[in-house]
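Given chain A's structure and the hints, the job is docking chains B and C onto it.
One-letter residues, chain by chain:
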Amino acid sequence: MQDPFPSHARGPRPQGLTLPRIGLYGLLVVAALFFLLPAYVMIVTSFKSMDEIRAAQIFALPHMLDWSAWSKAWSSACAGVNCTGVSVGFFNSVKITIPATILSVLLGAVTGYALSFWRPPGSKLLFAAITIGGFIPLQIFLFPVVRGTAALGLYNSLAGIVLVHVIFGLPLTTLLFRNYYASIPVELFKAARVDGAGFWRIFVSLMLPLSLPMLIVAGLMQMTGIWNDFLLGLVFAGRDNLPMTVQLNNIVTTTTGQREYNVHMAATVLTAIVPLVAYFVSGRWFVRGITAGSVKG
Amino acid sequence: MSVPVSLRSIDIGYGTTAVVRDLDLEVASGEFLVLLGPSGCGKSTLLNAIAGLTELADGEIWIGERNVTWADPKDRGIGMVFQSYALYPNMDVEKNLSFGLTVAGVPKAEVARRVKRTSAILQLDDYLKRRPSALSGGQRQRVAIGRALVRDVDIFLFDEPLSNLDAKLRAELRVEIKKLHQELGSTMIYVTHDQVEAMTLADRIAIMRNGVIQQLASPREIYHRPANLFVAGFIGSPAMNLIDGTLLHAEGRCRFQSDLISADLSAYPFISAAPEGDRAAIVGFRPEQIMLGQGSGHPEIPAVVSVIEAMGPDTVLWCTAGRTTLSLRMPGDFGGRVGDRIVLGLDLAQASLFDKASGARL
Amino acid sequence: MADPSAARSPASGPARSGATGRLRLPVAALAALAPAWLIILVVYLGTTVWTVQLSLTNSRMLPSNEFAGLAQYQRLFGTARWSISIHNLVTFGIVYVLGALVVGSLLAIAVDRRVRFESMWRTVFLYPYALSFIVTGLMWQWLMNPEIGIQATMRAAGLGWFTFDWTTRPDMAIYAVSLAGIWQSAGLVMVLMLAGLRGIDADLWRATRIEGIPMWRTYLTIVLPQLGPSLATAFMLLTMGAVRTFDLVVALTNGGPGQSTEVPAKFIMDSLFARQDLGLATAGATVMLVTVMAIAVPILYARDIWARRRSGRL
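Residue numbers (this note's numbering), protein chains in the order written: chain A, 1 to 297; chain B, 1001 to 1362; chain C, 2001 to 2314.
Okay, chain A solo, but in the shape it has when bound (with noise of 0.2 Å):
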């Protein structure tokens, strides 16, 4: 073993590639390879021509970037016979997404501030409420919910897949705001009260303001799930208006006789391309929302 004592140390240890460190970094390329591998492979072989998908060389890079997969996943794929693309579903995932994030995180915003500082009577109570009503799952509220749409005449419609996403929306953004809303100075609130200020007053003007990080991430939270959703927007959507995960699912399972999977994946590449990259852009974001998510007060 060597000395740990030589006379002339000085400085700096010499300190080599170690077997630890050279494992830690192993770990985590294979680990590395193992995440990237089905998104290059997506990738790649959208690229490509049938004939080389066939030719089972999946790690391969294409011959030429041939984009003809990619326009007909987009504008003339066909799931039955609707030959549509996904661009239908896309743009219907917009419609849905951004009205649906925008009300379920205000909505969570605002109760979350009424829970947090006002506290009127029975606030616990519909706390731990919605908090155990998170956990509740889908299957419970398909029936009744797919009932009381169609009694209001929502059932099929646009209103109605965005107002089921406000609803079952509620306990995430509800938590977030409330659990972000404890971690600002009570004293904030008092002295706007003590200046007179009511309840929307002080909301608008004071907390919404502070609120913007969790603005971000519930918005960031939501727009993902609901963008990413399957099972509601089957539901709940109507054929008019489906989403863009429906759609593809639609798309690659309804095909008949030549199974074209450049298309396929082209259309699944779009279809994942929004949340991520918003992931992408916002990385640090998404970490924020998982850990303020799961914190559950």
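To be clear, the hints were calculated from the coordinates, so they are not data collected in a lab. The C-beta atom is built at its ideal place from N, Cα and C for all residues, glycine as well. Do not rely on the hints blindly, as some may be mistaken.
[Said to hold, decoys possible] Cross-link-like lysine to aspartate or glutamate pairs, in silico, EDC-like; alpha carbons within 16 Å at most:
hint	chain 1	residue 1	chain 2	residue 2
1	B	K1074	A	E187
2	B	K1179	B	D1203
3	B	K1129	B	E1094
4	A	K124	C	D2304
5	B	K1356	B	E1276
6	B	K1108	B	D1126
[Said to hold, decoys possible] What follows is a set of in silico ranges between Cβ atoms, one per label pair, in the way DEER data are often shown:
hint	chain 1	residue 1	chain 2	residue 2	range
7	B	N1164	A	W200	41 to 51 Å
8	A	W200	B	Y1014	52 to 62 Å
9	B	F1270	A	G11	38 to 48 Å
10	A	S68	C	L2159	27 to 37 Å
Then chains B and C, alone, in the frame of chain A:
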């Protein structure tokens, strides 16, 4: 058993982020050395380097006869006590004390013997079975000290151990640490930003600023003969009174000249010979070095009392003389009132004289 | 996190509400909470009651009010497809939860070791979380396709013995679902465990270095016990996700081959919309509800106790 510590030409950090620069320090065997300074001065970094937790950019560290610069912390024969105690939260006190020894393969009988001895010294017998979360701050810190004690180390390192405690507890534990040092006689290196801790505990204090030791001397020396303006201002509460002026040579003698006083400096103990030429200078007096009343035989300043702080055992008077505010200490039963006109006597022989440009003591 | 209620006085207390100080009830706050109350009472509570009630009637295609006791449940547990679904769920769930916990924790520990490019690793490991389960399911379906996927590529490259066609084999298909699930969720576990790891006092690490305690032992005996809350959270989220698995199965195998990847969530959906058997569907949903609550409530309760113990004793 204790050993000396020798730091030679220590550099920590690189380039613009250098925290410590070309530092030399010899700690005698059995000495209690305090590293004192404001936050960011490099004292904790230096301590971590001695422990082996931080790497050196250059230089050598010797503990006793051994060059430990490249040695692991566990091989250096040190024990360390942290500000946040760093006790193992899921183990009881007894396990906390014995865990390191057990992992190192020390026989059970020996472990038990050492734990028993440490527990007796630090009065931990009553809580051996408790978990850290069930202990008070002071008790936790004792366990932290015990963890170092149980390993029979040569050097004890303390990283601001009392900063998390309230004032009363701090005072109690300070005394205990001093007693521990007297009992064990081990070499102890102690980091703090609290000058009271430094003054009461240290055999010698190393005051640091921006990675450089400003003065290394006994507490008494540092208090009465600070090496520069920074040290003079850091130690002592209320702070040393400083008067701007000029150092002049007239008729072969040195004089200090300012709009407040004009005094002869022949009695002043210059470090080396009286410096050549005239220069801007600052003279400093500790509050207790200023005398009240006329006829003291020293240069005198008229002043007006502006604030009286009755502390109990003594009273601090704040007065204005011209545009300068001076503080002085009076016995606790001082009967003056705000607005009184008084005369202050300044004995230059007791003062500290600093070069204004460099801040160094003259 | 410390309970904030101790620090706040109720708003209806001493605050001056206008010059006359009449109404002690904060009306605006109550009004603002009305939508939440409405949703909770009408949707969450109301539908739960309705669904459970339906499961106790002899509804078939249309809801009926004829009380039938536990007849639907008897039918349910007598249905082979349901039993198979439960069995599949248990297999899938165990592999998925354990796999994601282990992989995620290892990644968290690895990233926590002060590696370079930390945020790059984090980005790579977490991006699956941003994907829909449909996307994930489809991706892995193609990778495991024996004709064009990994198996075909490996065999074409000369490795004739290589097999990776789990989605086409009834005995392996459920593990395919677990694999895809682990791929999607390990990043989430990593984030949660990393947050827990970062919450550990840095001085604790220094103390173990000074005492000479080896790293693996530090993780095992000192760090891991402190990660209890993080592990509990991760476990709970994973288990909830497993019980609700629907999208992933639909995209990856659609329940097949045969019934080897049928899961309760899919069973209920099929009963409701395809087979139009209301009684069976609501009975299944109620069983799901009870299971989920049996897992979630104790864990939430335990975490609440943990949190109170920590802040109370400080």
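Verification of the supplied hints:
no., hint, result
1, B:K1074 with A:E187, "violated (48 Å)"
2, B:K1179 with B:D1203, "holds (13 Å)"
3, B:K1129 with B:E1094, "holds (6 Å)"
4, A:K124 with C:D2304, "holds (14 Å)"
5, B:K1356 with B:E1276, "holds (15 Å)"
6, B:K1108 with B:D1126, "violated (21 Å)"
7, B:N1164 with A:W200: 41 to 51 Å, "holds (43 Å)"
8, A:W200 with B:Y1014: 52 to 62 Å, "holds (55 Å)"
9, B:F1270 with A:G11: 38 to 48 Å, "holds (40 Å)"
10, A:S68 with C:L2159: 27 to 37 Å, "holds (32 Å)"
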